[in-house]
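Here the protein sequences line up with chains A and B, keeping their order.
This note's numbering numbers the first residue of the first sequence as 1 and each following residue consecutively.
This note's numbering numbers the first residue of the second sequence as 1001 and each following residue consecutively.
By construction, these hints were calculated from the structure, which means they are not laboratory data.
Take the hints with a grain of salt, since some may be wrong.
Which bits of chain A does chain B cover? Going by a derived footprint, with three or more residues having C-beta under 8 Å, they are [as the list claims (entries may be wrong)]:
hint	region
1	58 to 72
2	77 to 83
3	97 to 104
4	114 to 120
Cβ coordinates follow ideal geometry from the N, Cα and C atoms, glycine included.
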Amino acid sequence: MSTHEENAMTTMTTMTPEAAMAEALAEEMRRDATVITFGEGVATKGYALAQEFGAQRVRNTPLAEGIIAGTAAGAAATGLRPVIDLLFAPFLTFAMEEIVNSAGKLSYISGGQFSFPMVTIARTGSGWAVGAQHNQNNEAWFVHSPGLKVVMPSNAADFKGLLKSAIRDDNPVMFFADIGLLHTPGEVPSGDHVVPIGKASVVREGVDVTLVTYGKTVHSCVAAASTLEENGISAEVIDLRSLKPLDEATVLASVRKTGRAVLVHEAAAPCGVGAELAAIIAEKAFSSLRAPVVRLTGPDAPSPASFPLEAAFAPGADAIVEAVVKQVAN
Amino acid sequence: MTTFEVSVEPRVAQSLEAMLLIRAFEEQSAALNAAGKSPSMCTSVGQEASAVGVMNALDERDQILTNHRSAGHLLARGADPRRILAEILGKSTGYCGGKSGSLHISVKELGVVLTSTIVGGELSLAPGVALSRQMLGGEGIVVVFFGDGAATEGIFHESINLAAVWNLPVLYVCENNQWQAFVHRKETMLADHISTWGASYGVKSQTVDGNDVDAVTAAAKDAVAYVRGTRKPFLLETYTYRLRGHMEPDPASYVDPAELQSWKERDPIATYEQRLLDEHAITPAELDAMKSRVRARIEDAAQFAMESPYPSFEELTTNVYA
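The following block holds chain B by itself, in its conformation from the complex (with noise of 0.2 Å):
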């Protein structure tokens, strides 16, 4: 099994910068849009504990794939947000040359491959890539990201199933998030846990709470180890909410407002804040620096990208053969 060798305190404040960072990352994007200064975007903000949490437990080895909300995966992965920024707004200087956009950013040299916008096209692609990892050998495994609104794709299904049946390393993050895109979940599906539907498959399942950061790193890691010891699937369910509408802007008025007030509660940034303090594991000093810190990053990557140019118009046609 692997894991990352690092004491308990430093893993925890890094899973609180992390988060952090994501958060003031999705805000400055949606600020952005707000201002007219970026097209539309769709942020994974609420969701920031299950990007973390399963990111803790990969490694360099290890490839991901993605959707079009991403930029939790891709920040917890350690990708540039100066970088991911500017390929929201159409820049040279972003991962994709700005031919992306924010919906299907990839950063081969991480790891995170074949981002799809598509929803469950991602899944459509993940028993390919780990068949590679299968055939050209190496301990490798491979994580898709999707929501519950994949899950009710024929795609997962079709995915899930071949996983099971050629024995491909392929760890199944489903986000459940509850909506799918302008549609509550419940109106979707009779099941409130997509992880029920891997027992058909044979492929063993677990939820764990989504909002909880350390819970998440945990069943990621016990997940990972399953996955890379028998290079088999498994599907874990990281159950959560989207706190912000399906894009930006969307004032999500079509959302319970009693539903959104109980999530908020559990926002998984502030109860960690919270139970960090209140186990004295940081300071409020150091969450005021670690606070400084993901601004002034974030600040310094909204010049970037914004200072960045755009392709040259050459670009238009590069890039659609090998």
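For reference, chain A alone in the conformation it holds in the complex (with noise of 0.2 Å):
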């Protein structure tokens, strides 16, 4: 899936998520040699990362996520730029104190002495048959800390070029990437492809409805979509990529158009992206909406392991067009 901004004249090449945050990685350690990356099994994983930087830039670390993440708001706070891998979302719980209580706020608990320019990794989502404990959609309890920006990609090119800017922000980003996305190649723009933190890409437009989505179920929207259309239905579809800062301007400029509002992600409701997005849109679209909103989003409840459990958690296109369908009806 190409993103708006591209150049036609950019040339592509084709590769998975996970290669795409691998090259994101290694061209901006070549651009800035304050970039380090440590984490669990990187340096072992990432060999040729590892050969071509050495040792002293991607380093293996203990099992320890709260001393990985300290130590990269530590390192980030007097001069490197860390990327560390914490392998799953659900491991962040022991990271939270050093994410949440230092990276987060002590810029402003110093008055400003301090910046925190590192990148937290963390893979969640359906696709793995890993369970609860390896995965848990938990990206909106970052996006209620202050202090830190949230992005969830949902393609290679986005992977790549979200990745380059969270390396280059000045500020704590939490880059969750989707374990059902990591293998699913796609074209990816060659050369200095940077995506902006805090744009949403409007992946595929209609007139009907506005699907609002982020990670896998973008392409559960698109598919939903393409059915609909099938059905004399035009639904517009938002890929968000950045859930903070959240691009409301995109999202509100497409429901002022169709009147209409989908909101759609794997992670549970309760006090969701969703749940935001809908007081966002009925604080200032409200007099433009056809129909209520409509959430569509995993269960509040642990992710299962056992696939066709797993298979059947984040919301798919069949529920998409079903949704859709009762709320044009209306």
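Using the hints, put the two standalone chains together into the complex.
Right, here's the structure in full:
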């Protein structure tokens, strides 16, 4: 899927999001000698990276998320730009103190004496049958924490472009990687492909309903939009890409145009990104609405390991089509 | 090895004056709180020798991470009591513009970085600061102050283990003040000393009498020379006692009076004053003059802090992002 800001002259390379992340990291490490990376198996699995940049800049760590994140925050505040890999999003519970209380707050607390240019990578989402202690879409926890930025891309090009932006950002950025997407190849523009944080992508234009989503459910929404088109319903699909800052303007412009919003994500509904979007739409585009806002989310339950249950966890294209048809009929 | 190039007499006098300044500052803060003029704070009364002794061993290349009981470390490092007190009162002239309050004051220009008040938070950040030193060069080392309470947190063990494995130049200073908020150390750990834990991580360690400023200075100089020279961590335990409650106000009725009395008899300032007088290193007149200077500085600080303005409301949402 190509992004709108791409130049028509750009050549494309097909690669997986996993490879796109590796390429982004290598490019940024070449570009800036203060960029370093460490985490659980980072040097072992990133063999090429370790070969190119050496043991000082590419490090394995103990399996201790608290000190990985704390070390990143300490290093970020004193001259380095760490990229840390905490593997799976539920492991972030061990690093909440360092990410939320230190990286997120000490810029403010210190009256601006310190900044925290660091990136925390965590994988989540259904697709690998790893169960609830390796899979929880907890991205909204960090949206609710001051001082952090949160991104969650849906395609290889955005994985690369957002990771590069995250590394260049002077603030702590949470980079959520949807496990279900990591091995799906996509086209990535060659060269210094950078996607700005805080800018959503309209991946499909439409006039009857706006589907707002991020991560793997972008693909469910695009599939649903194709089916809806066959039924005479024109759906616009917005890939948020960044959850904080949230691109309110793009969402509101679309909802004002279509008058309908369906908010779709794999994370559970309570106090999630969909809830925030519903509130923003109610506050700022209420008079444009032709039907109540609908949320389609994963259940408020731990994620199962069993394949069929896991596959049923995130809202699929059929459920999205059904919800939109019902909403439009209202 | 780096040492302060000053003769013994001026330094011991400096140490006494620095301790007197800390004590007077803390008592002034507590008095303002008791009078309803200041929010609560955690004082370091009783622990002045630890702060001053360790700072005696550092120089301007070094970086310091401290915690919620930080006024002693800040003052011993040379911070302005006016700006610390203003910060405690939430005034715009404070070191953090009033956004920290007493609990997490950092002074970047003095190398006091990333003060954290979550017990153990400073331990999580210290290896990263030292990693910057390791990778960006220079001879500076990183000193992190924490207590026996923080040592019982998992992050202490994660921190010192990583510093050992990565050869990070961190001097861990555990101020074992016998109290972990409202709980006596003996309720939470079987060992008497934190320093004995260092060996498990391959880290050299030492315990020193934390109420003897000369002993702390000597031990800290050795420890600093080791860390600066080897670029490896060292664990220095200053064995001391928290003479006031956990926070202000706290009548601390939970403290065993006999234990408190025995430590009051070992007050780091009173015993040092007496030693210097006995050794004729200082005259009674010089001591009086020193106390007058300290009192004047603290009175000036209190006036400055009280008269300083609060931050403007625009400051509510500044500095959230860089």
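Task: Given coverage of the region 114 to 120 of chain A by chain B, checked by CB-CB distance under 8 Å (3 or more) - done: Holds, because 4 residues of the region 114 to 120 of chain A bring their Cβ atoms closer than 8 Å to Cβ atoms of chain B.
- [ ] Between the region 97 to 104 of chain A and chain B, see if three or more residues pass the 8 Å beta-carbon test, and mark the coverage as holds or violated.
- [x] With 4 residues closer than 8 Å to chain B, the region 97 to 104 of chain A meets the three-residue bar; holds.
- [ ] Verify the coverage statement for the region 58 to 72 of chain A against chain B, using a C-beta to C-beta distance below 8 Å and requiring 3 or more qualifying residues.
- [x] As far as the region 58 to 72 of chain A goes, the hint holds, because 10 residues have Cβ atoms under 8 Å from chain B.
- [ ] Closer than 8 Å, Cβ to Cβ, for at least three residues: run that test on the region 77 to 83 of chain A against chain B and report holds or violated.
- [x] Since three or more residues must qualify, the claim that chain B covers the region 77 to 83 of chain A holds, with 5 doing so at under 8 Å.
Of the numbered hints stated above, none is contradicted by the structure.
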